[in-house]
Structures are given as structure tokens and as C-alpha cells.
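The chain contents come next:
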Amino acid sequence: MKLFSKLLISAALGLSIAHTASAQEVIKLGISAPMSGSAAVWGLGMDWAAKQAADQVNKSGGVTVGGKKYKFEIVTYDNKYNAAEGTKVAQNLVNRDKIKYIVGGIGTAPIQALQSLSEKNNVIIFISAWGKSLKGKEFPLTFTQSNTPFEILGPLYKYVLAKHANVKTVALINANDASGKEVELVSQQVWADLGVKVISSSFYERGTTQFQPIAAKLTEQKPDAIDMGVAPPADAGMILKELGVLGWNGVKVLPVGTSATQLVQIGGDAANGTYMGYAGDYASSLATPMQQDLNKGMLANFKEPLNPLQVSSYDSVMALKAAMETSNSLDPKVIAQTLPKIIFETSYGKTVFGSEAIYGVPQQMQVPIMITQVQDGKMVELARVIPEELKTRLAAGK
Amino acid sequence: MALFVQLLLNTLQISASYILFSLGLTLIFGVMKVINFAHGEFFGLCLLLISVLVPLLTANQLPLASAYALAAIVAMIATLILGAVLYQFAFKKFQRDMIGSFVMSVGLSLLLEGLFLQFFGGVPVKLPDLIPGNIRFLGGAITTQRLVLTGVSIVIAISMCWLIASTKLGKALRAVAEDYEAATLQGIPYRRIALYGFLLATFLAAIAGALLSPLTVISASVGSDYLMKGFIAIVIGGLGSIPGSIIGSVLIAVIESVGGYYFDPSWATLGMFVITMLVLLIRPKGIMGNG
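These protein sequences, in sequence, are chains D and Y. For the first sequence, the working numbering begins at 1 and goes up steadily by one. For the second sequence, the working numbering begins at 1 and goes up steadily by one.
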């Protein structure tokens, strides 16, 4: 009987060890993004792009660390673009699922919630949130994998002013949350630096269903331009539609505009002429073959073209793989120290982390700034600006 | 003058949306003393089904107006079926139980929203305009279809007031709302009247969904987005009161439209909560509340 018990215990232990070994071969990568509501298309696309990257890594043999092969698996939760849901998602990812690598995060407020847990629990996070306060020396494990207002607004507004020299006044509208508040400050500063007077700045609540009063307020002082800040495509589409009803036809700027599809579907003809700073034509010859493939996949799955926010999760998966293999470590701290030192492959080609001059730490992925415009219901890429730091680093080869 | 007209038009069209939504919400409370947080999901289901059916039908060469009509009929029937099922298996057991019904309906709302997200996806959809064009009036502007919606809402609100005040069903609903024990003693079949009241409220949510389908951005969470404003409207107007829900809806539309213009859209939302608190402090049962 004793022998039987010993055998049983040994078998159970053996099974348990085998199970652990098997579980260790999968590295879970988390995402906190809006999967429902007006910004859902961003989260759905980000989840999809990350899964494409994980599939690609897995099919090519996985990630090799310490002579051992690992596979990536993506785990995504809906943060509904608000702090309350973002907190729940953060708890799920960090405390419940024990995930050590977050490859995508959207929304400043949900990311602040995530960051409150990630840094102290040794979790590395790659985010697309626009808040400047999310980066810095106090957040050594936080990296931004797509452009933010500090990279976008200057080139975008300059381009708009070059095309519309008559723009002397602008009215701002932003969502009333952490993203909106932080971006509004940067927008005010950049417009003022360029000699444009900000004649009004308003905030609206996410989840707003009636946009007529917002349109009436925006057109109140007859601005030459209206800057819709961080309004997601569905909200921006409704604002544009109501502006059209009121007969306003000035210069429209949507820095966070990620594609024309939803903007045109909702805003109709009123969406034409809108300048965007966060979209790219990934079907054009300017895009890499990988981006063209991803773009086709997005169109097939979501009837939306790929945008920089969505592709950013693909790029962070690739950055993570490169840093894991270079450092030969799975420790998030070691990976975080390695990332700023390496040149790695992304959907854009080779790139680096940098922007220490702006943020005090080199934790901003260097990717092109693409200025686009809605023309006849379609998005047209007008200019593509390669960051100077990226050019220098690639030329130096380090 | 132009500004006054524009603010008036904005108030009218916003009121119309909120009146349509809040009528059903207040009716359920009046009859069953149930705060139905799942009401938004009835509204949402109707909208989501229409958002799927209209493109499907127009792709099969059906004219847009016919596609809207057919989709609305199917969606309203489906919403009524959902309402009947939820009444039978959930709400029936929590009648006149404020706390129990509150917890149950919040749970149902979360469950349904999750199911909608699963089945319909999270990408927001905007259907094509049913009646294109804008109308300019004394310097103000409004889309033709919003003007039509405003007219239809007024007709529905008047019809509801008439139904409650003058028909046998309306009198039974009022009697049950006022004192259900006395009403039962007078021979009014409470359970049947509660079912009719619940289905009527669900039907109103479905009508609201059908009428707003060409106007609003449709997503799995659209019901929750409207629910908060609808709930504020009926709390201000008086829980259970049909005229109260109309007054509450108009009041929050005024705050949203006029307050949003003179101050800030986000301040207008705050203003709604402040007004709600003031109304509850001065008149705890709401403007038209009586029970």
C-alpha cells in the first residue's frame, strides 16, 4: 500500500513538473485596449496585429532564450477607454494572469491604472497612450511604440499652415479624460508657437450621443480651423457631420485620425479635407511588404485599413523578441535595459528606441510621422517624415 | 435670433431622443417598481439588429426605405421576444423588489452587453441617412431626418399620455402603479397588467431604437450610453411618471444644448448631475413624482 502511495505521489509530481515545463514554453503577452465603444476599432486591430506578430514568431521557431524555445500567446482585455475598466484590466493582467510583458496599451487613463501595478511588479509595458506623464525616469519599464503628440503635432500643424496660410484662429475639442487633457496642453502650445490663436478649447465626455451642441459651440467664434484632438473616429465623424449641418467649412484637423473609413462612413461628405496625423497608407508603395500584407488582413477582417496605432503592437512584439534574444534573458528589467541599445526589425523596417532629449529617457520607438488627408472619401498620404534620430542611429549602425 | 433658433432646434432634437428612450424606462418603474438597467439593452438589441439587417437587405437590391422598414419590424419583434423571455424568467420574480431587481437588471445588462459584443463585434456602425438633406430655418439648421424624428417623438409622447389617461389598459396601469393591492382587490389582474406594462416598455425601447437607427452611431454599448441620460431624465421628472419623463428629458436637453453652448460640453454633463441632486433635495419624488 505504501509503495502504491509513493508511486501515486511520484506520478502526480511528475505530471505537475511536466505541466509546468510545458506551460513555461508559452510566454503570454497582454494588451489593454478598447474592444468596444467608439474606439473599438483601435483595440480590435491592435489585438489582431499582435496575434499576427506572435504567429509569425511562433512559425519561425519562437523566441530562443538560454538555449530554450518559447512561443508567444496574446491575451487581450477590453479597457473600454476609461480608468475604471482600465483598473480591472490591469488587475487581470498583472495580478491574476501574472503576465510580465504587455505589448499594447491604449488610453492614458487605463494605462495609468496599468502602470500603477506594472512598474512595482516588474512588468514591462509597451503603450500607445499619448500622455507625456507616462514616460520618464520614474517609469523604467514603460516604452511607447508609436508616435505621440510630441512627435506628431509640430510637423502636422506646420504642414496644415503651409497649405492654409489664412489660418489665424483655431478652436480645440478634446475628450474630457487624461488623454484629452494632456494633448490639449501640447496642442495649445504648438499652435501658439506657430502664431495661431486658440480662440476656444472645449472638452466632451466619452460616450456622448448628441453632438449638435458641441458643433454649435465649436463654430461659435467662427474659427479658421477646428482641431479635434484625441476624438476617436466615431466621435470625430459625428462632430464633422454636425459641423456640416451648420454649414461650417473651415480647415479640419484630427491629430489622432487613424483612417478615413469610419470618419467618412459617419461624417459623410463633411469628413472631406480633414488632415490626420496618425494614419498611414499601408497599401501604397511607401509601405513595406509586411505592412501591405497586414493592411490586407485588416481590410479582410475589419473592413478598415491598418493604422499606426494597430500596427504598433506588431512592432512591440518584434522589439520584445529582439531584446529577449539579445539579452538572453526573460527578466523584464534586463529587457528594458537592452531595448534602447539595439537596432531591431519592425513592420517599418529597422528602428530604435530614442527621444531622450524630450522625455529624459530613450523609451520612444522611432517611426515615421505620416501626414494624411481625406480626399473624396479616401485617405491620401501627403507627407512622411523620418525622425532625425532614427536616420543618425541607422547610419551609425548602433 | 439665429443663435436662439439653433439652440432651440438642438434642444428639440435632443429632447426627442431622450423622450423616446425614457418613456419605457419610467413605465416599467411605474407598473412594477423595478429600476430596469437592462432597458438600454432592449434599445441596443433593436439598433444592432437593424445595423446588420439594413446593409444585408440593401445588398439584396431592396430600396433603402423598405430595408429600414423590414429591418425595424424584425428587430422590434426580436426585442419583444427578448423582453418576454426576460420578464418570464427574471423580472417576474423581482416585481416590487427594488434592491433585488436593481442587482438582477445590472447583471442582465452586463451579460447582454457582453453577448452583443460577442455576436455583433465592437466596431461602431453608422447606417446611411434615411431622409437626406438639411433644413434651414431663421438662421438655424437641422437635418430633415432629425426634424421628422422630433415630430414622431411628439406624436408618440402624446399617444402614450392618451393611452395612460384614457384607455382601459392605461387606467389599469395607473391603478397598479398607485396601489397594486387596492387594484388587485378591485379585480385588476396585476400579473397580466405587469406583463403588458413590461412589454409596452420594451416595445417603446424598440421603437426608440428603430427611430434613432439612421441617426446614431451604433455599437454594442450604445444602450449604456443612452441609459445614463434616460435615467437622469426619469429621476428628475419623477420615477414612474410619463409626463415627468417628458419634462425630465426636455430639461436635460436644455442643459446639454444651452449649458453646453455657453459653458462647456463636459460642464453641461456635470450640470445635469447637479440639477438632479437639487431636484432630489427639494422634491425627492421628482417634479411629477407622486409615489
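Quick caveat, the hints were computed from the structure, so don't treat them as lab data. Please read all numbers here as calculations on a predicted model, not as lab measurements. Built from N, CA and C at the ideal position, the CB exists for glycine as well. Warning: the hint list may mix true and false statements.
Chain Y is faced by these chain D residues, among others (derived, beta-carbon under 10 Å) [stated by the list, open to error]:
1. P34
2. Y70
3. E73
4. A175
5. F203
6. G207
7. K217
8. K222
9. P232
10. A283
11. S285
12. L286
Hint by hint, here is what the structure shows:
1. A distance limit of 10 Å between C-beta atoms decides the matter here; for P34/D the minimum to chain Y is near 8 Å, and the interface restraint holds.
2. The criterion of a C-beta within 10 Å of any C-beta in chain Y is not met by Y70/D, whose closest approach is roughly 30 Å, and the hint is violated.
3. Contact between E73/D and chain Y, as hinted, is not supported at the beta carbon level, the nearest pair being about 20 Å apart and thus beyond 10 Å.
4. Against a cut-off of 10 Å between C-beta atoms, the interface hint on A175/D holds, since the closest Cβ of chain Y lies about 9 Å away.
5. The criterion of a C-beta within 10 Å of any C-beta in chain Y is met by F203/D, whose closest approach is roughly 4 Å, and the hint holds.
6. Given the 10 Å rule on beta carbons, the hint for G207/D holds: about 5 Å separates it from the nearest Cβ of chain Y.
7. Against a cut-off of 10 Å between C-beta atoms, the interface hint on K217/D holds, since the closest Cβ of chain Y lies about 5 Å away.
8. Annotation: K222/D was flagged as interfacial toward chain Y, and the flag is violated, the nearest CB pair being 12 Å apart, outside 10 Å.
9. Using the Cβ-Cβ criterion of 10 Å, the hint placing P232/D at the interface with chain Y is satisfied: the shortest such distance is roughly 9 Å.
10. Contact between A283/D and chain Y, as hinted, is not supported at the beta carbon level, the nearest pair being about 20 Å apart and thus beyond 10 Å.
11. Below 10 Å, beta-carbon pairs count as interface contacts, and S285/D has none with chain Y, the closest being about 28 Å; its hint is therefore violated.
12. Annotation: interface hint on L286/D violated; nearest CB of chain Y at approximately 26 Å, more than 10 Å.
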